[in-house]
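Visitor: Go ahead and model the full structure; you've got the sequences and the hints to work with.
Residue numbers (my numbering), protein chains in the order written: chain A, 1115 to 1536; chain B, 1376 to 1609.
I should point out that these hints are in silico values taken from the structure, not numbers from a laboratory.
Short, incomplete list of chain A residues facing chain B, as computed with Cβ under 10 Å:
1. 1155
2. 1157
3. 1165
4. 1168
5. 1443
6. 1447
7. 1450
8. 1452
9. 1453
10. 1454
11. 1456
12. 1533
Backbone N, C-alpha and C define an ideal beta-carbon position, used for all residues, glycine too.
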Amino acid sequence: MDFSTYVIININCSIIQKKPRFRKKNGIRVGSRFHKWRREDIHRVKGILKIAYKLLVNDKGKFAALLVGITFAVFLMVMMTSMFAGILHRSSATVLNIGAKVWVMDPAVNTPINSIPLPDYVLDAVRSIHGVKYAVPLYSGGALVKLRSGVYQSVTVIGLDDSSLYGRPELIDGQIENIYAENAFVVVKDAEFAKLENPRIGTEFEINDHRGVIVGIAKVTTSGLFGVPTLYTTYNRALQYIPSTRFTTAFILIEPKSSDAVPYIKQQVKALGYEALTKEEFIQKTSNFYKYQTGVGTNVLIMTVISFIVGLSISGQTFYTFILENLEKFGALKAIGAKGRELIYMILFQATFTALTGYGLGIGLACLLITVAKLRLPSYAAMITYANLGIAFVMVLIIAAISSYIGVRKVLRIEPFDIFRG
Amino acid sequence: MAELAMRATELVKWFGEGDAKTIAVREVSFDAWFGEMLYIEGPSGSGKTTLLSLISGILRPNSGTVLVENKDIWSMTSDQIAEFRLNKVGFVFQDYHLFPRLTTVENVAIPLILKRLDWNESINEAMKYLEIVGIKDRALLPPVKLSGGEQQRVAIARAIASHPDILIFDEPTASLDGDTGRRIIEFVKKNILNDKRCIIVVTHDSRIFEYADRIMKMEDGRIIGFEQGGGREN
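Guide: Written out as structure tokens, the structure reads:
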């Protein structure tokens, strides 16, 4: 018998002889530790956790202090990150509201607000790229309007391609065709709408000594970051009414024939010396600019870390005191017959319960404050996202883990003999 | 003839090493019998509490054995020793060590919960033990609202709740006035001690010696002799 035959025989034997480790009965693995847990220990663990719960909750002063610490920390963390999320979301308002799939811009452009005008030939060149279904120019610029009351107000004017009106907003009042009427503008009803003295259809204003008339009221996904109302008009009217530089196209908006064509379009635009970004990439670029190049991100990060440290300090210290006060009782439990791991369950449960309750309260408080703030200040930029909630949750779990680690170390060190010695 | 509850053989325990080494228990051997109330008496530092810890599965000896039901408890794993303490030994600590945030009945229910009884079942069962120690009407109060004697009774109820074979009292009268202490021991002797249970009491309160069946005298970690107690039955 050669070696390979020997190996095969042995492998086969081991396969045949190998018994299943556990047999199943009613879906429960009989004979496994899991099975024993289900059958014998469930009351014990439930009871132990209930004792832990009562020890925690009945110590009202400590429990309140623990909750205040964690709630405060979560509240601060969520507020900080929500404000940042709100700022980031609004910084990409133009991209979100226009909704074009691919945007062409100068590579130096970081945000939709600070566009660098593109030469006219770029539009023709982009239109000739294989895979482009159509491409249109977009005007984006600032202007001052004089309202009926005589007040001057800064506005952002978006000039849509005359023939397609690509990127037009959804109107809640008026007809989009009226944008072609004389002096016609569509106003966006967002958080800044009131700054234009709540215009209605037919409301007139002056823009750079031209008469302007509101012909439609639109709604958009999100308001802008800088607290300026937005007016939509046609590309050519925008050029006509607002003083312009030599080149006037802020962005070129592309509708690709298919999503597969996007990489090729990007490559060809790059060859022209410009940059083509998908909507998501442009939002990400804008977001990165505010995060890493403005100091806003660093400040928010610092405040979030400070909130975390404050929460950790308050709840960690309180939990430590709580454990110290109950240390002898844990020792007595050990003497009576509780196992070390059961005391660990108790402490983990107490820390987790406090952390999750504080988390819920903190989130609730942050939601309440943001809601109230938005009622009073419609332009208040704060937005709770799943990422904010996730970050706060992870932070709270870390606080619970550190607090319980300190407690577990103490409790595992206590010997029942110390209880006898007094 | 009474059955053997526990046999300690050649128990030795020391603390520290080198110059700091202190021998707390020196080759102590004794038997404890069911139906017996055995006192361990001696001056402070004589090794009573250490011996109590060695025989109850709390402190591992450096050498020697403790046989309960013909098995050396110190040959068990730590989990088995925890189970042994839960099922075979009941403790009444000097300071009671009741949980102030739990009600009296919940304190008594702790060993029952550890013995895997359902919470409600444990509470119902604990009520029976509170009735035995005569403070059922205090069941829903926190222990801090009870007098010293009542707290002692709660501690006794908790100790007997797990039906232990061996009951250990550490200085049971130290925190009580003379009359209350005597009443408690009388109560224990009359209602808790039986033919299937052995009670070991560490004390130097001579006022309760009259209730002992035997008194084991310790000094400097050694047994210096046994005396017959009063064995008073009331």
